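Kindly generate the complete structure, drawing on both the sequences and the hints.
Spelled out, the chains give:
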Amino acid sequence: MRYMGTRTVLCVDTGKGVEEMAGAIQDEDGLEPVTATSIAEAAEQLDSQSVDCVVTEYDLADGTGLDIVEHLRSDDPQTPVVLFTDVSPAEIDTASFEEMIVEYLNKGLPDAYDRLGFIVDDVITHSAQVGFLVPDNEGSRLDALEQYDVDELPIEESFSRLTDLIADRFDVAVAFIGLIEKDVENFLACTGSDWDSLTREDTICTHSMLQEDVMVVEDINEDSRFANNDTLQNLGIVSYAGANMTNKDDEVIGQVCVIDHERRSYSADERHSLQQFASTAMEILELRQSLRNARNTEVEA
Amino acid sequence: MSLAGSQSFSVDSLAMNDIPGNTSILLTSDDTAALEAVFYRLVAAPDDEQSVVLATEADGRSTKRSLTEAVRGADGRTSILTCEGPDRGDDVQSVDDLSDLTRLGMDFSGLFAEAQQDPAPLRAGILLCSTIMGEVDDTRSVYRFLNSNFLSQLRRSKALGVCAIDTSADIGSNVDSTIAGLETSFSARIDIESTGRNQATLDVSGLSNNDGTIDVSW
Chain A
109 MRYMGTRTVL CVDTGKGVEE MAGAIQDEDG LEPVTATSIA EAAEQLDSQS
159 VDCVVTEYDL ADGTGLDIVE HLRSDDPQTP VVLFTDVSPA EIDTASFEEM
209 IVEYLNKGLP DAYDRLGFIV DDVITHSAQV GFLVPDNEGS RLDALEQYDV
259 DELPIEESFS RLTDLIADRF DVAVAFIGLI EKDVENFLAC TGSDWDSLTR
309 EDTICTHSML QEDVMVVEDI NEDSRFANND TLQNLGIVSY AGANMTNKDD
359 EVIGQVCVID HERRSYSADE RHSLQQFAST AMEILELRQS LRNARNTEVE
409 A
Chain B
4 MSLAGSQSFS VDSLAMNDIP GNTSILLTSD DTAALEAVFY RLVAAPDDEQ
54 SVVLATEADG RSTKRSLTEA VRGADGRTSI LTCEGPDRGD DVQSVDDLSD
104 LTRLGMDFSG LFAEAQQDPA PLRAGILLCS TIMGEVDDTR SVYRFLNSNF
154 LSQLRRSKAL GVCAIDTSAD IGSNVDSTIA GLETSFSARI DIESTGRNQA
204 TLDVSGLSNN DGTIDVSW
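These protein sequence lines are chains A and B, in that order. If you're matching positions, the first sequence starts at 109 in our numbering and goes up one per residue. If you're matching positions, the second sequence starts at 4 in our numbering and goes up one per residue.
Rather than coming from a laboratory, the hints here were simulated on the basis of the structure. You may find that some hints are simply not true.
[To be verified] Chain A regions said to be covered by chain B (calculated; three or more residues, Cβ under 8 Å):
1) 209 to 217
2) 223 to 234
3) 313 to 322
Predicted model only: the values in this text are computed from it and were never measured. Glycine included, each C-beta is placed from N, C-alpha and C at the ideal position.
Rendered as structure tokens:
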């Protein structure tokens with residue numbers, strides 16, 4: 109299991125309910141409850157600290173549990189939420205929240221409180237409410253990514269030169285090299301912009317990494333996976349092409365991509381070139397890491 | 004706490020066996036009739052099992068009929084969430100708006116939670132996920148729905164799950180690219196190619212000793 113530390117769970121309910129909810133969370137190993145008894149209090153908690161999951165009653169004095177979800181989703185869309193209530197789904201007003209996915213657990217079920225801690229642990233451990241597809245080999249993929257001491261490697265200049273070459277080769281607005289972590293994509297080099305990182309579900313790369321071949325999106329406005337993605341729209345992204353950085357064990361750890369502010373297509377030769385650039389980026393990373401490992405071994409000897 | 008023991012599933016009509024719990028199957032075809040025929044064979048519960056089905060394009064009555072045609076009596080062992088027709092008793096619930104994934108997700112979670120009160124092995128299915136994709140503006144919501152509801156419930160219940168995609172449907176994005184992505188989140192894939200009237204060949208992968216091609220008719 110990758111997630112070994114204590115996980116903070118915000119429990120929101122009124123009166124005695126919040127104590128019972130927090131008690132059920134406390135009973136599960138590795139979960140630590142913090143409590144709020146209103147939407148306003150919950151919002152304060154969410155603004156002041158990082159939480160790994162929210163469990164909330166639906167009926168609250170100053171609104172509903174879905175208001176809390178809305179508050180959370182604006183800043184932290186990947187944090188899971190469990191709606192723990194005896195209000196049935198049919199009685200819940202979803203009219204304003206039609207695409208807001210939550211875990212629903214009926215408080216009235218005989219084993220509801222026993223089940224709550226298990227479900228919260230499960231949704232956190234498995235990132236169960238992320239808005240992207242998680243590959244079946246995600247655990248080994250992240251383990252592979254951890255093998256690279258990216259912050260310690262002198263790769264920035266090499267990668268920047270490489271993205272300069274890529275942008276020039278394809279005559280595009282932006283070229284970048286990004287590593288895809290559990291929750292974010294970190295950009296190691298970016299020609300044409302100054303992107304640092306993006307939430308993973310906002311990136312096209314999290315889709316591209318699942319394809320064997322270079323993935324091309326000629327116009328994101330024609331693809332429902334991306335057309336309503338405000339982050340991509342605000343960055344002015346219209347077209348995209350991405351190639352996998354794949355290590356020797358066949359794990360995809362990152363992407364080499366080109367972006368343009370206008371619609372465009374890529375020929376078979378261009379796709380092949382982009383894949384070659386991605387393979388070159390992977391080789392640079394492997395070589396730098398091998399050198400570092402060798403030096404560390406020498407020092408230890 | 005574990006919500007289900009280890010179990011394996013068989014599909015006699017497709018000569019499949021020893022399918023372990025927490026197996027998720029992506030079922031694809033451009034032939035809707037073939038897709039339905041195979042879907043119900045996979046999801047219909049034999050004696051001593053139970054099913055949860057989300058039917059996007061059929062009412063409760065026709066869903067029950069399809070289930071019992073696949074496995075006699077399976078309709079009585081199934082909870083159905085449908086997007087067509089009225090509620091029909093305790094085992095058929097309906098939702099008005101397929102694009103309301105908040106409500107759909109809660110209803111589907113509720114059916115799973117109730118099924119988990121019974122220790123009988125569980126099969127679950129969505130027919131058709133491509134319809135949901137076509138209705139929803141932002142595909143990220145569908146992925147969140149699959150992650151949060153369907154795949155999570157399969158994992159927790161150690162259930163056998165089937166998610167059916169009509170590849171001829173307009174899902175608002177490149178269908179090949181979307182399926183290539185979906186395939187990585189599911190543990191198995193069955194692609195159906197129609198070979199004639201009520202006949203098809205299944206290309207099965209990810210189901211160990213069941214992998215290969217299977218000819219079926221109905």
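Tell me the numbers of any earlier hints that the structure contravenes, in ascending order. none
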